[in-house]
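Peer 1: These protein sequence lines map, in sequence, to chains Z and P. Mapping of the first sequence onto my numbering: position 447 corresponds to residue 447, and the numbering continues sequentially without gaps. Counting the second sequence from 1 gives a position; my numbering is that position plus 1000.
The set of hints was computed from the structure by calculation and includes no laboratory data. Do not take every clue at face value.
[To be verified] Lysine-lysine pairs mimicking PhoX-like chemistry, simulated, CA-CA at most 25 Å apart:
#, chain 1, residue 1, chain 2, residue 2
1, Z, K64, P, K1307
2, Z, K158, P, K1307
3, Z, K488, P, K1375
4, Z, K64, P, K1177
From a predicted model like this one, the values you see are computed outputs, not experimental measurements.
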Amino acid sequence: MAFSKRNRRIATYFVRYWPSFIVGAMFLLVTNYLGLLIPGHIGDAISSMQAKGVNTDSVLEACKDHALAIIVFAVGAGIARVVSRVQIFNAGRLIEFDVRNELYDRLTRLSPAWFSTMATGDLTSRVSNDVNFIRLLYAISFLHVVNTITAYFIALSKMLPLDWKLTVICLGPFPVILFAARFIIRALFNQTKIVQGELSNLSSQVQQNLSGIAIVRAYAMEKREKAEFALINESFVRANIKLITIRGAMQATMTLLAGIGTLAVLYVGAHRVVDQTLTLGQFVEFNGYVVALAFPTIGLGWVFSVWNRGVAAFDRVLDILDAPIDIPDPEDGRRLPNPEGPKGSVEFTEVSFGYSDDEPVLKDISLAIPAGSTVAIVGRTGSGKTTLARLISRLWDPTHGSIKIDGENLTALALREMRAEIGVVPQDPFLFSMSIENNVRFGLDSLENDTTIQRDAPQLSLGSGEPLTRREQVLQALKIAGLDDDLKTLANGIDTMVGERGVTLSGGQKQRVTIARALIMDPRILILDDALASVDTATENVILDHLDRIMQGRTCIIITHRFNALARVDQIFVLDEGRIVETGTHDQLLESGGVYSELFERQKLEAELEL
Amino acid sequence: MSDNKRTGMGSTFSESAIADMSEVTVVRRLWKYLRPYRGMFFLSLVLLPAISAVELLQPYLLQIAIDQYIVPRDLSGFHLIVLAFAGCVFSQGILQFTQVWVMQTAGQRALRDLRQAVFDHVQSLSVAFFQRQPLGRLMARLTTDIESLQEALASGMVTMIGDIFTLTAIVVILLWKDWRFALASFVVVPFLLALTAVFRHFMRKAFREVRTKVSRLYSHLQESIAGMQVIQLFVRETISGNEYREINAEYRDANFMAIRFDALLYAVVEAVGSVTVGVIIWYGSGAVVRDVVTLGVLVAFIEYMQKFFVPIRDLAQKYNFLQAAIVASERVFELLDETDRLPVVASPLTLDEGPLEIEFDNVCFSYLPDEPVLKNISLRIRPAEKIALVGHTGSGKSTIIQLLLRLRDPDSGVIRVNGIDVRELDPIAYRRHFAVVMQDCFLFQGTIRQNITLDDPEVSDEAVLEAARSVHVERLAARYSDGLEHLVGERGQHLSSGERQLVSFARAVAHQPDILVLDEATANIDSETEALIQDAVESMMSRQTSVVIAHRLSTIQNADRIIVLHRGEILEDGTHQQLLAAGGHYATLHRLQYREAG
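Take these sequences, add in the hints, and give me the full structure.
Peer 2: Below, the structure written as structure tokens:
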């Protein structure tokens, strides 16, 4: 059998914890060795009891010795059993621990492009259920395989000398039936995959429903959603019942297998005793071995199902662990220079990009944003504004062309240090379920505590040079972001816990927390991606006034539709269908009478019509 | 780092052990779901003693074989014993299969019903409830918790009843065969029972610990996945990774503890079984020598005692699953007991066909006590009227919408529709009169068309096409080869936020509502696109009542009435010109917005 890549990976974890597995296996051997000494003593005791007429006292004496031996072996086997189980099961948990950590680390390095190919429900099921199946693959399969092998080995070494023919008769059907059971195993494997898929569907359906609950309510979709769920639920249950049937058939086969052995001993063994080729004691002893082998045989059935499930799960987990890193962090990545003067120039040279090959979003973009300036990007919905911003923070890499920050090529810069210098306020204000303070400190904490990032934690201050405590800085950042008045209405101020996705705050409040989160990093480039859309004009002006002061000597890139902001910026880039069609200041662009002035005239007209 | 324990991601999700529901209560409530399948359930229960019987017949047959055939060395008629034994072995296999299959099938159906009941129940809960509950937790109720019930079922939890039956039968058989011998054999049992009780206490504790840790682990993970872009942009990978590692280590250690107890219990029970064999031989040898007991009986005793301990050993494992199932059921039932929903009157009134007139009469509302969001709002929305709500963020605009749709009920005051208190109406039927476009426009996984119709059979193809045309979704769809059948991806992520908004516009138009509600719906659309949909929205607005919230005043200047809200109160109410002329709050807002342009 070819040792596939996956099997090699499975082996890696065995090798990593080999001492535990070896110790566990050795103690399993001891357990089985001691345990299988017991039938011999039972047999001997019975043989001596059968000879009771000769000397009663010596018979009783011998039986007492056998009884004591049995008790001692039983206790010994028990102790060894504890050690073996603890060792092997702990190893399983250690592997699970490692796999979970490796998965998490991988997930933090994968790009949004990769995440968009993966449904959240499916991803969740891979990182939770599948990891459990992998643990069982190691712990249960190893335990049972070793247990079965050692039990059979030791039992055979005792059964064969007693009566090899009887042994063959007893155990002869096993290989045949196991061979025949292979098709059940295959069916089991396939059905397991189907059930996992159905479960994934079910989770996705629930997730969709719960995250879209506002729409479900507003459009009174409840009835249809219930019906839809009922369908998926039913199909999941059907798949499950089929799996149960197959698994039941498997177990029944194994039980019969064990029963056939006992049956053979009874029939053939009785004749042997009558023929006097076997004593009654040996007959009972033999029966003892066959009974002792029943559990390991049934355990083998378990191994098949656990192994199959585990391997399928391993494949699904490897999809994540081996997913290509499409935004690579260069080795010995360069660091951004720290000039005295203004920082944060951005230069696009012939940049093209598309999320998929056939749909270009940005076409041959060349632009230069001088360090320390404030620029705006405008354009229609779908013109590529957000995409352009995403390329600057390297969430995606361009398919063509290059991007430079302060003269350094983006792909040559150490990825995370570069990102630490860019403050992004995304369109969708995502907050974590922590306090407002911790949300604001989200990136700042990394600069402070993460030694892999070579950047000093900045000191945010507005005006006075007094150094601020971290908490004061958070308050300061929130003030700049224009949230200070809102904070007063919250009972716990910045200690207010934000629910999942920040549901307790309004859209505008969430946006302002995300602005503070970016500002407190003291970025050399601040990108506001339509970040003031949910804020009214008065608040917008306050925030923009603050930004003008705080972003002195740094670059600010604002994506917006609102002319209120546009009139204040140094330069405006007008995007249309993935191309830059106009560049200039508000006044210049109005002068030139292009797309921009058209947009502006329309807005102004609308306003004036009613005046 | 210790700080993160309290403040890190997932901390708000930590689910400590919840209000104790007695195990009897849990079982009784589970029974409600099993009841419809009680025929199958009882069939499988009836099979349990039958299985015990054929299993326990086997040592007895062995005893007869030894005493009547093997020891006397006379095998005439022995084949009957062997045949009987074979019969027992085969029927045991078949009966076990049948029992498990019938029980599990019944269980699966019951769980299907439970899952459906939870899902249906969740659909009826109030919006406020969803804002309190993290999505991950609700997900867990419907998936992993019910899964762990299923696992308990698959582990043969119910065969525990059969095990108890077997144990009792063995005790009875042995006592009946030779009560003194039997008592000697059972000498270790009390000791074992005491030990099991002690172990159970510790395992229960260890087990609860594991459950608590695993839910923290998963919430951290889920939130990390949801916010991965933010984690990467704010270079939080290492810190979040360390947080996760820490929770993961706690989870691992909790499991180590559970493993230790589990292994001890397993080994002790097994060792006790073998020790008992020693005791039987010790005591039995005397009895055999005195001819009180035959050899066959002795062998049968050994076999019975070995069968006696197997179920006890498995009991420990099954108990584990049972614990998991009970904790999971408690949580599921807790969710089912959640009553945070809007009260629905027993026999709701229905609205007559025709235009709707809505009246807010002295309405007060607050999300948190002592923090009123709406104060004595009185407001009348007449048929075909176009109402715009204007005000600062936090002035209460969105709350008015929530009350209007009856997603929440006011603290005091009444909202009337055509003179009927909305609380007298069936909320689902009532909401069908509305179509809403929200600021956060959520799309479902599926095609553009599905997101317009929402699979509502009452939305015709013509309505979809017309809607798509009027809000320029048609133009958007034309970019894709599959047009309206284009898949939008999870949460509509294949579309930009502006495009998502256009689709939700089309959705609202296609549903041909009596009242159209736009909640900051044009925030993400650039002016040119907005201009395109403006006429469509306006023509639609002229057809029915509309309520609009917008920051950009340009979108609402055509409204029949503009209502200016400030800190939960209505400050001004009038047309655009009237309000400008009045020179109040609205005029200031307007000047601010157009100070450069004007």
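Peer 1: Taking the hints in turn, state whether each one holds.
Peer 2: Checked hints:
1. Z:K64 with P:K1307: With Cα atoms ~23 Å apart, Z:K64 and P:K1307 stay inside 25 Å; holds.
2. Z:K158 with P:K1307: 23 Å, holds
3. Z:K488 with P:K1375: 19 Å, holds
4. Z:K64 with P:K1177: Within the cut-off at roughly 23 Å; holds.
Hint compliance for this structure: every hint is met.
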